[in-house]
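Let's have the full structure, built from the sequences with the hints guiding it.
These protein sequence lines are chains A, B and C, in that order.
Anchor point for the first sequence: position 160 equals 160 in my numbering, and the numbering is continuous, going up by one each time.
Anchor point for the second sequence: position 158 equals 158 in my numbering, and the numbering is continuous, going up by one each time.
Anchor point for the third sequence: position 161 equals 161 in my numbering, and the numbering is continuous, going up by one each time.
Derived by calculation from the structure, the hints in this document are not laboratory data.
Some hints could be false.
With a Cα cut of at most 25 Å, we get these calculated SDA-like pairs of lysine to any residue [as the list claims (entries may be wrong)]: (1) Lys80/A / Gln94/A; (2) Lys113/B / His244/A; (3) Lys135/B / Arg229/A; (4) Lys113/B / Glu221/A; (5) Lys450/B / Ser194/C; (6) Lys167/A / Pro61/C; (7) Lys88/B / Asp226/A; (8) Lys35/A / Leu145/C; (9) Lys113/B / Leu252/A; (10) Lys80/A / Ile129/C; (11) Lys88/B / Arg131/A; (12) Lys88/B / Val254/A; (13) Lys35/A / Gly150/C; (14) Lys201/C / Lys113/B; (15) Lys113/B / Leu36/A; (16) Lys167/A / Leu253/C; (17) Lys167/A / Leu145/C; (18) Lys386/B / Asn195/C; (19) Lys35/A / Leu253/C; (20) Lys177/A / Arg254/C; (21) Lys386/B / Arg22/C; (22) Lys113/B / Val228/A; (23) Lys369/B / Arg180/C; (24) Lys35/A / Ile57/A; (25) Lys152/C / Leu36/A; (26) Lys21/B / Glu12/C; (27) Lys113/B / Leu136/A; (28) Lys404/B / Ser194/C; (29) Lys167/A / Gln77/C; (30) Lys35/A / Ile129/C; (31) Lys113/B / Asp226/A; (32) Lys201/B / Glu96/B; (33) Lys21/B / Leu145/C; (34) Lys167/A / Ala256/C; (35) Lys167/A / Pro65/C; (36) Lys405/B / Ser194/C.
All values reported here derive from a predicted model rather than from experimental measurement.
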Amino acid sequence: MSLPIPPILSYALRRLFQAVPVIILIMIGTFLLLKLAPGDTVDALVGDMGGADAAFIERLRAEYGLDQSVWVQLWRYMAKLAMFDFGWSFVYEQPVSRILLDRLGTTLLLMATSLSMAFTIGIVLGAIAARRAYSLTDNLISTLGLIFYATPSFFLSLMMILLFSVKLGWLPVGGIKTITGFYTGWDHVADVARHLIMPTAALSLIYLSFYLRLMRASVLEVAELDYVRTARAKGAGETRLMVHHIMRNALLPVVTLLGLQFSTVLGGSVVVETIFTLPGLGQLAYQSVIQRDMNTLMGIIFLCSIIVVVVNFLTDLLYARLDSRIQLK
Amino acid sequence: MTEAAPTPALKIENLRIALPKGSDRPFALDGLSLEVKRGEVVCLVGESGSGKSLTAGAIMRLLPEPHVHVAGGAIFVQGEDILAKSDKEMKAMRGERVSMIFQEPMTALNPQKTVGWQIDEVLRLHTDLSRAGRKARVIEMLERVHIPDPASAYHAYPHQVSGGQRQRVMIAMALCLSPGLIIADEPTTALDVTTQLQILKLIRELQEQEGAGVLFITHDFGVVAQIADHVVVLKQGEMVESGPASQVLNAPQHPYTQALIASVPSLTPPPAKCFDAAPVVLKGTGLTKTFAARGGLFSGRRKSVTAVDNLTFELRRGETLGVVGESGSGKTTVSRIVTRLLEADSGAVELDGTDLLACSPREMRAMRKHIQMVFQDPMASLNPRKRVVDLIAQGPIVHGENRKKARAQARELLELVELSPAAANRFPHEFSGGQRQRIGIARALALRPKVIVADEPVSALDVSVQAQVLRLLADLRDQMNLSLLFVTHDLRVAAQLCDRIIVMQHGEIVEAGETAAIFADPQHEYTRNLLSSIPGRDWTPPKSATNAA
Amino acid sequence: MTMAATDLPPPEPSRPVILWRRFRRNRAALLGLFLFAIVVIMALTAGFIEPDDSLRRAGVPLTAPFINWDTPLGTDQLGRDILAMLFYGARISLLVGVVATLISIGIGIVIGALSGYFGGWVDDVLMRITEAFQTIPSFVLLLTLVAILGSKIEWIALAIGVVSWTAPARMVRAEFMSLRDREFVDAARNLGVSNTAMIFKEIMPNAIPPIIVYASVVMALSILLESALAFLALGDPNYASWGNMIGQGRAVLRSAWYCAAIPGVAIVLTVLSFSLLGEGLNDALNPRQKK
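Here's what the structure looks like:
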């Protein structure tokens with residue numbers, strides 16, 4: 001009552017506030033990983049120059065603050081991260097933040113298509129399976145879900161490439177667009193979409209199975225609740241029960257999972273982007289590991305964490321929107 | 001069927017409901033026949049597992065088919081054969097010609113929809129009224145069930161209104177279209193006694209206005225005495241007695257009914273015993289506990305609730321002190337503060353002169369053997385992974401007793417609480433509720449405590465089992481000269497067991513004294529209200545009936 | 001009249017018998033058990049199939065399956081026996097899976113139990129750490145750890161355990177929180193039981209069934225993670241691994257697709273077996289949902 005902030009927003013802000021210590025912990029974590037990794041910035045720099053004498057190396061160390069105590073280094077590192085300054089990539093010869101910015105779009109696009117597909121199809125199939133629980137349809141859907149769950153995305157990707165690109169020649173093997181195409185306008189959109197079909201399918205099927213299973217369980221559980229029985233006693237039909245009484249309540253745990261799993265999906269993009277040579281953060285992460293480009297790798301970890309925090313904030317808002325009990329608490 | 005009589009609201013003939021294979025009996029209900037006339041309240045009475053709730057499900061055609069299904073008989077709602085109806089026809093009947101009020105007002109409403117929307121849904125499903133017409137009707141219904149400020153209640157979510165108000169909303173929903181038959185399945189069981197009386201009166205009032213027939217399902221003979229015109233008694237799916245309320249209540253014919261009614265504790269307390277000479281065993285002084293509502297940086301408001309406010313009491317050796325109150329009165333908090341399962345904010349609890357609240361954790365662990373507890377839920381209070389003998393022997397073992405000896409004593413205790421020694425090696429889930437509560441009592445006794453704190457120990461039990469457990473508790477108390485701090489919401493139970501009672505409201509004691517004196521002449525207005533709300537207070541269960549058979 | 005309700009019901013059969021009966025009712029779970037048994041047998045008998053070195057040249061490169069009975073499932077582009085690698089791969093998958101699961105569940109139990117039992121600031125601190133781990137995309141973290149620690153099989157198992165403990169921790173925490181509020185815990189405290197005994201002797205035995213069920217999920221995920229690492233050529237090069245076989249098979253996908261398909265099917269069936277087993281265990285251990 002005392003604050004003029006709408007309750008929904010205050011709820012979300014509270015949740016966002018909780019993310020501050022999490023981000024600080026991640027900063028410390030990435031710093032530790034950097035320290036654990038063999039070789040530091042100066043080693044990389046020297047290696048890049050093809051060697052240098054000891055005095056020069058000392059000077060460089062002083063310049064990069066590497067002669068300071070660990071705490072000072074940590075403090076400086078965190079201050080830099082907070083400004084999205086991730087240092088210099090000696091592999092790409094440019095600031096890490098610029099490389100990340102280049103790659104961000106592709107990954108976000110892939111995330112958006114995969115998650116929306118996994119979520120929509122997952123909850124629809126889950127709801128259908130639950131409504132026809134223990135029938136043939138349910139068994140079919142549930143079995144399919146189990147198989148999706150058990151199929152690694154890289155294996156699925158290869159099999160899709162084999163079928164749709166090699167055998168049938170319908171879809172491109174990789175890349176985000178046809179390099180020789182120079183499409184503009186809607187042709188460009190259609191071209192990108194064609195390139196995204198297989199990566200999206202490969203990345204979304206396993207998560208689709210998660211949503212499917214959770215939604216099925218959730219609908220079954222909600223359908224047993226007292227207020228659904230009340231609605232039945234009022235004379236409501238099955239469709240009405242589903243739309244007005246079951247769906248919204250059953251969605252709540254699935255939305256929670258959506259937020260919780262976003263970071264896992266981001267991780268999954270490493271494999272998929274690598275196979276389909278999509279120029280995103282995942283592919284970059286893999287290349288950085290191979291090339292031991294620690295600055296870039298840490299940049300990716302930090303940036304991804306920030307994305308995850310933002311997405312969680314959004315799912316919290318969505319959750320609060322769906323659950324009337326939260327708005328008014 | 002007599003042609004001249006008007007069609008009854010409900011007529012059930014020889015109804016049989018089959019249970020799935022592997023159940024403890026083949027039929028949940030076997031041969032039930034009853035009739036609810038218009039303007040009449042028929043109570044269907046039975047203990048848990050008697051099949052009374054499945055009867056309601058069968059009438060609404062909402063049984064969990066095909067596992068549980070009607071296997072024979074006929075049901076006529078206002079003359080129409082329910083069992084012959086198609087699903088669609090049945091849908092049209094529900095809510096319009098037969099409606100239902102459920103037990104749990106907390107869960108029976110959809111948490112995501114406003115109260116108004118949910119009542120409105122009935123109208124939307126069964127009428128062609130305009131939006132404005134429907135809203136006017138809903139508000140009118142909310143007024144009729146005496147909800148203050150119906151216009152704002154219309155837009156409230158269920159979690160924003162109290163349990164009693166929610167049950168009023170359910171009633172408004174059920175009566176919205178003036179159905180000829182209302183089925184009420186334990187509609188007041190989850191409510192406090194004062195609210196319960198109001199709801200019972202409301203149901204009666206509206207039912208008389210509408211002239212509807214009511215099938216009222218309950219386990220509580222007090223409620224039956226309050227509301228019934230006609231009573232049908234079920235025992236394990238079989239109808240054992242049926243007759244006018246006055247006859248069944250005062251001159252029951254079947255031995256089962258007689259036993260059930262004899263189990264209902266009388267409201268007249270036994271004559272007071274004198275404990276002035278006995279030493280004080282447990283003494284609470286100035287106990288206060290405030291629960292701070294957890295508020296965050298952005299939540300805006302923080303509310304704290306004072307659960308117990310400056311409570312002082314004395315318990316003498318061999319005495320039973322009842323702590324009586326409705327939900328939210330702080331009575332359960334008292335039991336937890338005294339046993340230090342919950343830390344009080346201030347005050348002292350002296351056990352034989354030692355202040356428990358000032359003890360270090362180690363000292364407290366040692367002191368615990370003097371003050372033991374019997375819990376409310378016999379399902380939840382026994383660790384499901386432990387054998388009975390280990391559950392009972394655990395206390396002595398923790399306090400340094402030799403394992404073998406502790407187990408041997410545990411077996412003796414089983415005999416003391418009237419369980420067979422074969423129970424020792426079983427797991428808790430193999431027992432009935434009453435048996436589990438006996439195990440709980442044995443566990444409390446194993447440490448030979450001076451004081452036993454019992455928190456609603458019989459409220460989860462059927463009335464016949466309740467009577468047995470209470471008798472056991474009273475016997476053991478007298479045998480072992482125990483002092484009992486007995487927390488309960490049930491005034492009938494308090495009347496029979498407690499020597500003195502303290503009545504609590506909003507964390508404070510409003511009245512304290514000898515049970516007989518308080519029941520005969522309550523001083524505080526709240527106590528008077530509480531006592532006058534006891535269902536069936538004008539009815540005295542005929543104790544002699546048991547011997548008559 | 002049976003109202004003197006102190007007579008006992010007939011005794012129940014022993015617990016393992018009941019569990020097996022409940023498990024057996026789920027036919028899919030039996031299939032899972034069968035598949036699981038096959039994988040275990042493959043892992044155990046790998047030495048009989050190929051006593052020396054599964055990575056040695058065993059025949060003409062890219063022999064198709066069912067042509068030469070020395071290499072029944074064919075050979076890859078280096079002439080290595082696919083069948084032998086498949087059997088040794090089962091070993092690695094199970095080994096990494098079991099070790100990683102033990103690590104992950106172990107950390108999860110400690111963090112979750114402390115967090116759920118004590119609540120308050122302990123919970124706050126531990127949950128922030130858990131959230132931090134959960135926020136970092138686990139596969140990226142796994143790659144980083146492998147980049148730092150190196151690709152030895154022991155490190156890989158450790159790294160997988162370290163990136164996958166958060167979900168078990170949350171589950172154990174939720175379980176402990178709900179059990180902590182049950183009356184039997186109050187009852188034990190009221191007897192004077194200490195905190196340590198409370199956690200390990202009162203609450204833990206009740207939390208074990210869901211943990212076991214969850215372990216099957218973690219096991220499946222660990223196997224998937226290991227295979228993904230190996231697919232990206234970040235696995236231990238000294239051991240045959242299904243993921244690595246698929247990664248190698250990618251190069252000859254057009255001409256010899258079976259090189260990738262055979263180990264792929266092995267992964268799918270193995271992971272499937274754990275999912276099905278998990279569901280069967282759930283039916284057996286948490287018999288709340290009867291139907």
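Index of numbered hints that the structure contradicts, given in increasing order: 12, 14, 15, 17, 19, 27 and 33
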